[in-house]
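> Residues per chain, in single letters:
Number of protein chains: 2
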Amino acid sequence: MKIFVATSNDHKVEEIRRILEDFQIEIEKSPKKIFVEENGETFLENSVKKAYYYGNILGTPVVADDSGLVIDYLGGFPGVKSARFMENRPYKERMIEILRLMKMAEDRSAKFVCVASYYNPKTSFLISVEGVIEGEISYEVKGEKGFGYDPIFIPEGYKETFGELGQKVKDEISHRSRAFKKLFSIITKIGDILELGDDRK
Amino acid sequence: MKIFVATSNDHKVEEIRRILEDFQIEIEKSPKKIFVEENGETFLENSVKKAYYYGNILGTPVVADDSGLVIDYLGGFPGVKSARFMENRPYKERMIEILRLMKMAEDRSAKFVCVASYYNPKTSFLISVEGVIEGEISYEVKGEKGFGYDPIFIPEGYKETFGELGQKVKDEISHRSRAFKKLFSIITKIGDILELGDDRK
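Residue numbers (the working numbering), protein chains in the order written: chain A, 4 to 204; chain B, 4 to 204.
Hints are computed from structural coordinates only; laboratory data are not their basis.
Heads up, a few of these hints could be off.
If several chains are the same, the list does not tell them apart, and a pair holds so long as it fits within one copy or across any two.
Unchecked claim - Calculated cross-link-like contacts (lysine-lysine; reagent style DSS-like; alpha-carbon spacing at most 25 Å): (1) Lys125 <-> Lys84; (2) Lys84 <-> Lys148; (3) Lys5 <-> Lys32.
Note that this is a predicted model, so its numbers are computed, not measured.
Bound-form chain A, shown alone:
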């Protein structure tokens, strides 16, 4: 089984490939770059939209995700706007801005959320699941590993940021890892229903 990832981000493709190592699936970056306006109000909307557009244009099964950092003290910000907040600035600057906004914050609780979707345009089968990792926002930008907001997020049960902990821990416990593992556990488990259920075969 070969599945395209609805993204043009090599980073993300590699991460998903590693996460899904144990499943018998070939993960490939989409052969076409397709523009999808990520203007949904929720991770679910954006995730479904990407899977749906890419799947319909490529004509084969695809996976997509939408992810972000949700900070309680900031009312959920940056949330679905995680990628677009200060879009043209490096993440380092964005993180410094977030730490500035949280200077007075005692409640530093936050979570990373990922909604992963699988869509097969041939059978109109669509499924989306959520993965969450709770944690808190650090007081400093720390660590060079990972990407995005990793260097200011300390996952529950740890003392270091995702930026310090690195890929191995992230592949185990991250929001994206949880979402994609759940997604493919489900798809693997219901393979027979889906096959039997394709009324047009």
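Here the structure of chain A is known, so what remains is to put chain B in place on it, guided by the hints.
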């Protein structure tokens, strides 16, 4: 488990309740009538849209469907427009109009398609599956049972229309029956993954 149906159509609620009789689920009509513009280009889009809007407003799990008659000779018409074609006219008149359009048609193949969706707004879990019943368009409007375009559709393997065959056969083989049975076979089978997988519990 109690689930609301994203519809204000009593007919549909009763049909889904009968179809899902064997599953341990209480099916209820949505307590609120919510306007959702069904302007998608596919059954999947409309089905997901209804489930998503109703689910977010009601705050509990919902099911939705979008269905229609797809006629090959008419390039798939009325398809997603099945409900809106001659919207203010009785189905009888709409069926007569379709038979008129197909007067010269030798190829009378058609299918009923249903995309059923389940959405749980608390966990961002969304799933959509398709049910299809192949058949052909009759030469006359026949039978008083069922609703919509049932009296001009003869399902594969039968000689009478859905309008003549009635509810019992329809509950067995219809597009809606196939879609909803597949949907709940899947949900039942992955209950443990979904429970375990709710990272916020």
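> Taking the hints in turn, state whether each one holds.
Against the structure, the hints come out as follows:
no.: 1; hint: Lys125 <-> Lys84; result: between (32 Å within a copy, 20 Å between copies)
no.: 2; hint: Lys84 <-> Lys148; result: within (22 Å within a copy, 51 Å between copies)
no.: 3; hint: Lys5 <-> Lys32; result: within (11 Å within a copy, 40 Å between copies)
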